[in-house]
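**Student:** Required output: the full structure, derived from the provided sequences and hints.
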Amino acid sequence: MSEPVATPASANAVQVDDTWLHHVSHVLRSNPVTLLAFVLFAGIVVIALFGPWIAPFDPMESNAARALEPPSLRHLFGTDNLGRDVFSRVIVATRLDLTISVAAVALSFVVGSILGSLAGYYGGWLDAALNRVLDMVMAFPLFVLAMGIVAALGNTVENIVYATAIINVPFYARLVRAEVNIRRDAGFVRAARLSGASDTAVLSLHIFPNALPPLMVQVSLNLGWAILNAAGLSFIGLGVRPPTPEWGIMVAEGANFIVSGEWWLAIFPGLSLMLAVFTFNLLGDGLRDIVDPRTRT
Amino acid sequence: MPGRLRTATLRVAQAVPVVIGVVVISFVLTRALPGDPAVYFAGPAADDASIAEIRSALGLDRTLPEQFLIYAGDLLRGDLGQSLSTGQPVAEDLARRLPASLELTGLALLLACGIAIPLGVLAATRPGSFADHACRVMVTAGVSLPTFFTGIVLVYVFYYLLGVAPSPLGRLDFAFIEPEQVTGFYLIDAAIAGDGETWMASAAQLVLPAVTLALFTLAPIARMTRGAMLAALGADFIRTARASGLRPKTVIYTYAFRNALLPVVTTLGMVFSFVLGANVLVEKVFAWPGIGSYAVEALVVSDYAAVQGFVLVMALLFVALNLAIDLLYTVIDPRVGFDGV
Numbered sequence: 000m001s002e003p004v005a006t007p008a009s010a011n012a013v014q015v016d017d018t019w020l021h022h023v024s025h026v027l028r029s030n031p032v033t034l035l036a037f038v039l040f041a042g043i044v045v046i047a048l049f050g051p052w053i054a055p056f057d058p059m060e061s062n063a064a065r066a067l068e069p070p071s072l073r074h075l076f077g078t079d080n081l082g083r084d085v086f087s088r089v090i091v092a093t094r095l096d097l098t099i100s101v102a103a104v105a106l107s108f109v110v111g112s113i114l115g116s117l118a119g120y121y122g123g124w125l126d127a128a129l130n131r132v133l134d135m136v137m138a139f140p141l142f143v144l145a146m147g148i149v150a151a152l153g154n155t156v157e158n159i160v161y162a163t164a165i166i167n168v169p170f171y172a173r174l175v176r177a178e179v180n181i182r183r184d185a186g187f188v189r190a191a192r193l194s195g196a197s198d199t200a201v202l203s204l205h206i207f208p209n210a211l212p213p214l215m216v217q218v219s220l221n222l223g224w225a226i227l228n229a230a231g232l233s234f235i236g237l238g239v240r241p242p243t244p245e246w247g248i249m250v251a252e253g254a255n256f257i258v259s260g261e262w263w264l265a266i267f268p269g270l271s272l273m274l275a276v277f278t279f280n281l282l283g284d285g286l287r288d289i290v291d292p293r294t295r296t
Numbered sequence: 000m001p002g003r004l005r006t007a008t009l010r011v012a013q014a015v016p017v018v019i020g021v022v023v024i025s026f027v028l029t030r031a032l033p034g035d036p037a038v039y040f041a042g043p044a045a046d047d048a049s050i051a052e053i054r055s056a057l058g059l060d061r062t063l064p065e066q067f068l069i070y071a072g073d074l075l076r077g078d079l080g081q082s083l084s085t086g087q088p089v090a091e092d093l094a095r096r097l098p099a100s101l102e103l104t105g106l107a108l109l110l111a112c113g114i115a116i117p118l119g120v121l122a123a124t125r126p127g128s129f130a131d132h133a134c135r136v137m138v139t140a141g142v143s144l145p146t147f148f149t150g151i152v153l154v155y156v157f158y159y160l161l162g163v164a165p166s167p168l169g170r171l172d173f174a175f176i177e178p179e180q181v182t183g184f185y186l187i188d189a190a191i192a193g194d195g196e197t198w199m200a201s202a203a204q205l206v207l208p209a210v211t212l213a214l215f216t217l218a219p220i221a222r223m224t225r226g227a228m229l230a231a232l233g234a235d236f237i238r239t240a241r242a243s244g245l246r247p248k249t250v251i252y253t254y255a256f257r258n259a260l261l262p263v264v265t266t267l268g269m270v271f272s273f274v275l276g277a278n279v280l281v282e283k284v285f286a287w288p289g290i291g292s293y294a295v296e297a298l299v300v301s302d303y304a305a306v307q308g309f310v311l312v313m314a315l316l317f318v319a320l321n322l323a324i325d326l327l328y329t330v331i332d333p334r335v336g337f338d339g340v
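Going down the list, the sequences are from chains A and B.
Following numbering that gives the first Met the number 0, the numbering of the first sequence begins with 0 at its first residue and continues without gaps.
Following numbering that gives the first Met the number 0, the numbering of the second sequence begins with 0 at its first residue and continues without gaps.
For the record, the hints were derived by calculation from the structure and aren't laboratory data.
All residues carry an ideal CB built from backbone N, CA and C; glycine is no exception.
Treat the hints with caution; some may be incorrect.
Said to hold, decoys possible - The calculated label-pair distances, taken between Cβ atoms and stated as ranges, are:
#: 1; chain 1: B; residue 1: P117; chain 2: A; residue 2: H22; range: 46 to 56 Å
#: 2; chain 1: B; residue 1: T85; chain 2: A; residue 2: A128; range: 37 to 47 Å
#: 3; chain 1: B; residue 1: S301; chain 2: A; residue 2: W52; range: 37 to 47 Å
Stated by the list, open to error - Chain B is nowhere near these chain A residues, computed Cβ spacing over 10 Å in every case:
#: 4; residue: A64
#: 5; residue: L106
#: 6; residue: F139
Claimed, not checked - Covered, in the sense of this in silico footprint (three residues per stretch, anywhere, with C-beta under 8 Å from a C-beta of chain A), are these stretches of chain B:
#: 7; region: 17 to 23
#: 8; region: 157 to 167
#: 9; region: 278 to 285
#: 10; region: 298 to 306
**Tutor:** Here you go:
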């Protein structure tokens with residue numbers, strides 16, 4: 000924004016893009032783990048999008064003659080107690096697990112951003128009230144609160160999303176509130192106000208975009224946690240119902256066979272879950288390096 | 000000392016609004032039941048008259064503030080309602096099962112702190128060493144581990160493959176009789192009774208679930224310890240201490256470590272939140288008869304009073320733990336005051 004007016008706007012943008020790309024490629028090259036995280040992430044997204052076409056078998060099709068077969072070339076991850084192909088079920092489950100967590104995180108992102116912006120910008124009783132409510136939410140162990148919310152609202156997949164969103168809102172609201180609050184009287188904000196911009200415009204176009212980089216890091220770290228949370232809820236029998244392929248519920252079903260040695264039922268969905276969470280955590284750390292090199296650990 | 004006592008009292012007083020908040024939220028949760036609770040509690044065969052009767056018995060025909068006062072009054076008398084599945088008062092059920100959960104969670108926390116804090120200190124004092132790398136791997140892997148999955152893997156390896164762990168079913172093998180109840184903690188009760196065999200048996204049952212829970216808890220504590228130690232070691236007063244010729248051990252443990260403890264103790268609050276949640280999953284995996292598995296069983300049969308009671312008890316436990324942490328603060332760091340005292 001502070002570039003000399005003489006530079007044509009387009010050239011200016013290209014130059015900014017260039018240095019940014021340069022910075023990103025520098026970070027990626029110096030930290031191959033982040034590159035790995037991006038590759039894994041792309042893989043997970045592809046599997047989520049095209050899962051039903053990649054899966055070699057119908058994930059719901061049972062075959063009593065081939066029940067509980069150990070992993071083989073035909074069934075890479077073996078078959079479960081009904082003879083369903085575990086590999087296909089793990090692949091197809093990716094979309095549901097990712098959808099639940101992305102929807103939940105998106106919801107808490109939007110709600111948290113709005114609440115945090117308003118509280119940080121206007122302050123006063125709004126700020127105080129929001130803080131009290133967030134304190135009340137944070138006074139619960141979060142997973143336990145999610146259980147209570149699902150129990151109260153009803154045992155459905157949508158309510159898993161709402162519950163996961165509610166327990167994540169405080170993190171976004173606090174982050175945005177802090178970012179907005181330190182800028183509410185900054186020079187560029189006063190300039191925007193003087194030039195006649197409304198409060199909404201100042202808040203959404205001038206102040207809020209500054210909170211986006213730390214928010215992106217939070218989103219990425221949060222996605223892993225949201226997947227864990229949703230899988231944990233379905234592991235204890237909430238939300239997703241048994242025949243549906245979903246990682247948490249597959250681990251729960253497979254747990255009954257682990258004591259008799261049929262490990263592949265629970266291990267493969269569990270490993271997929273771990274890999275997904277691991278990817279999002281790595282991605283979050285990598286994004287933090289790109290956004291704010293000072294906080295690198 | 001009166002100054003410190005005053006700080007502590009103030010901190011205890013600050014917990015009161017939080018407890019009220021917890022009660023308000025759990026009230027909202029009980030009233031957010033899908034449909035009409037009166038119809039639900041009356042059962043499918045009820046007619047309008049009996050529904051109306053139950054509605055007034057439950058106090059549902061009054062205004063919300065009145066309902067809240069009744070709810071809060073019941074809580075003060077320790078009444079959490081009746082469990083539909085066990086037929087017992089929820090408060091009694093929870094009280095009977097609470098020691099099992101506390102024994103498991105407490106041991107897991109001790110284990111996690113016992114490993115994570117020394118590891119974090121080692122990683123910070125010797126950057127680039129084996130301990131540093133081990134710490135980094137564990138921190139990244141630890142936060143990605145779904146607790147219920149770790150538990151199942153441990154059962155497979157140590158029960159099925161190696162055969163060294165007892166079957167993952169509850170607190171004590173069927174061959175043993177529960178030790179006489181004094182505290183409800185089997186390890187302590189068995190020790191009081193002087194029954195070595197029972198002690199060993201219950202310890203054997205406890206190892207796997209406690210390790211599962213500890214593995215999950217290690218990561219945030221180790222990460223924070225490492226970071227806090229690095230920050231403390233980089234501070235000016237450490238340089239001064241070193242320059243004055245103090246022994247490296249004194250510098251690290253007396254000067255740096257004590258200062259690094261503060262942020263570590265702060266993260267413990269967040270760690271408790273995770274542990275109490277993960278506790279539910281671990282109890283399900285190991286058929287541990289604590290309040291977590293009680294809530295899971297209640298959830299499956301839609302036993303709402305039991306679930307809400309569980310959520311409330313967990314929240315109160317969490318508030319109490321955080322309070323204890325903050326009071327611990329005043330012991331570690333005499334400078335800490337609340338509200339500028």
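**Student:** Could you run down the list of hints and mark each one as holding or not?
**Tutor:** Each hint, compared with the structure:
Judged by the Cβ atoms, the range 46 to 56 Å given for P117/B and H22/A is violated: they are separated by roughly 38 Å. Between T85/B and A128/A, the C-beta spacing of about 40 Å keeps the proposed range 37 to 47 Å intact. For the pair S301/B and W52/A, the supplied restraint of 37 to 47 Å holds, since their beta-carbon distance comes to about 38 Å. Here A64/A stays apart from chain B, with its beta-carbon at least about 26 Å from theirs, past the 10 Å limit.
Residue placement check: L106/A keeps its beta carbon more than 10 Å from all beta carbons of chain B (closest about 18 Å). Under the 10 Å C-beta cut-off, the non-interface status given to F139/A relative to chain B is violated; the minimum distance is some 5 Å. Residues of the region 17 to 23 of chain B lying with their CB closer than 8 Å to a CB of chain A number 4, which satisfies the three-residue condition for coverage. Requiring three or more residues with a Cβ within less than 8 Å of a Cβ of chain A, the coverage given for the region 157 to 167 of chain B holds, as 4 such residues are present.
Only residues whose beta carbon comes within less than 8 Å of a beta carbon in chain A count, and the region 278 to 285 of chain B has 4; three or more means the coverage holds. A count of 5 residues in the region 298 to 306 of chain B with a Cβ less than 8 Å from any Cβ of chain A is obtained; the coverage claim is therefore met, three being the minimum.
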